[in-house]
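Q: Letter by letter, the chains look like this.
There are 2 protein chains.
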Amino acid sequence: MNALGKHLLLELKGCNKEVLNDIGFLKGALLAAADEIGATVLGESFYQFAPQGVTGVVVIAESHLVIHTWPEYGYAAVDIFTCGNSVQPEKAVEILVGKLGSKNHSEIEMPRGILDT
Amino acid sequence: MNALGKHLLLELKGCNKEVLNDIGFLKGALLAAADEIGATVLGESFYQFAPQGVTGVVVIAESHLVIHTWPEYGYAAVDIFTCGNSVQPEKAVEILVGKLGSKNHSEIEMPRGILDT
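Protein chains in written order, with this note's numbering: chain A, 5 to 121; chain B, 5 to 121.
I should point out that these hints are in silico values taken from the structure, not numbers from a laboratory. Be aware that one or more of the hints could be misleading.
It does not matter which identical chain is used: a pair holds within one copy or between any two.
To be verified - The calculated lysine to aspartate or glutamate pairs, modelled on DMTMM-like cross-linking and capped at a C-alpha distance of 25 Å, are: (1) K17 with E76; (2) K95 with D120; (3) K17 with D120; (4) K31 with E94; (5) K21 with D120; (6) K95 with E76; (7) K17 with E113; (8) K103 with D120; (9) K31 with E48; (10) K31 with D120; (11) K107 with D120; (12) K107 with E40.
It should be emphasised that the depicted structure is a prediction, and the values quoted were computed from it without experimental measurement.
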């Protein structure tokens, strides 16, 4: 099966609630993850919500990383979408699970762009 | 099943190849889709690749819309991630399928943030 992209959908539960509301920390964590997997960062946008919660996007030449957090539930949804063989998205999972202190995480990999040959 | 977020993963095949490389058109299409589903747009970032292809993100208060295009294959990957009950993400599917002229599309809905109760 040959797909153009690899999309990892992470469910991070049991996270450090303070970290999930710390926009600066989360920006650093996603940028560190992008760097670690060998991605080329093109830009980033992070938003703090009231009373709590953060949304962050890091656009990479190889596609994107996105995080949405619900500090009140200790939960974060993370997407790591990459294309090409030069990046290793699985490395980002370990980094983000560690930085967010998730005690219970799950991961689904969705191939994207399976073209008829 | 009660989930915090609803994530639609769209595979748009058989699209109009010129449109898939038109960054201005794609930005307009995603913003129109965000507007149509009742989302609050917080920001957007679009990037043109060489020799072809576009990546675009629209961050909304309710989460995000993302597109990655491969004009050479007439293919676009689209994600529509929303939370809350005030938006109707399914409406965006119809709009984007129409605007991109996709002759063959598929859609997977992934619930995000199913918490233990």
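Q: State for each hint whether it applies.
A: Going down the list of hints, with the structure as the test:
Taking the shortest Cα distances, K17 and E76 sit within 25 Å of each other inside one copy (11 Å), while across copies they are farther apart (39 Å). In the homo-oligomer, the alpha carbons of K95 and D120 never lie at most 25 Å apart, since the shortest distance is 29 Å inside one protomer and 27 Å across protomers. Taking CA atoms no more than 25 Å apart as the test, K17 paired with D120 passes between copies only; the shortest distance there is 10 Å, against 37 Å inside one copy. In this homomeric assembly, K31 and E94 come within 25 Å of each other (Cα to Cα) only inside a single copy, at 19 Å, whereas the closest approach across copies is 30 Å.
In the homo-oligomer, the alpha carbons of K21 and D120 lie at most 25 Å apart only across protomers (16 Å), although the nearest pairing inside one protomer, at 44 Å, exceeds that limit. For the identical chains of this complex, K95 and E76 are neighbours neither inside a copy (27 Å) nor across copies (29 Å), given an alpha-carbon limit of 25 Å. For the identical chains of this complex, K17 and E113 are neighbours both inside a copy (18 Å) and across copies (20 Å), given an alpha-carbon limit of 25 Å. For the identical chains of this complex, K103 and D120 are inter-copy neighbours only, at 22 Å across copies versus 39 Å inside a copy, given an alpha-carbon limit of 25 Å.
In this homomeric assembly, K31 and E48 come within 25 Å of each other (Cα to Cα) both inside a single copy, at 8 Å, and across copies, at 17 Å. In the homo-oligomer, the alpha carbons of K31 and D120 never lie at most 25 Å apart, since the shortest distance is 38 Å inside one protomer and 28 Å across protomers. For the homomeric pair K107 and D120, the shortest alpha-carbon distance between copies (14 Å) is at most 25 Å, but the shortest distance inside one copy (40 Å) is not. Taking the shortest alpha-carbon separations for K107 and E40, only the intra-copy value of 22 Å comes in at or below 25 Å, while the best inter-copy value is 38 Å.
Hints 2, 6, 10 from the list above are not met by this structure, while the remaining hints are.
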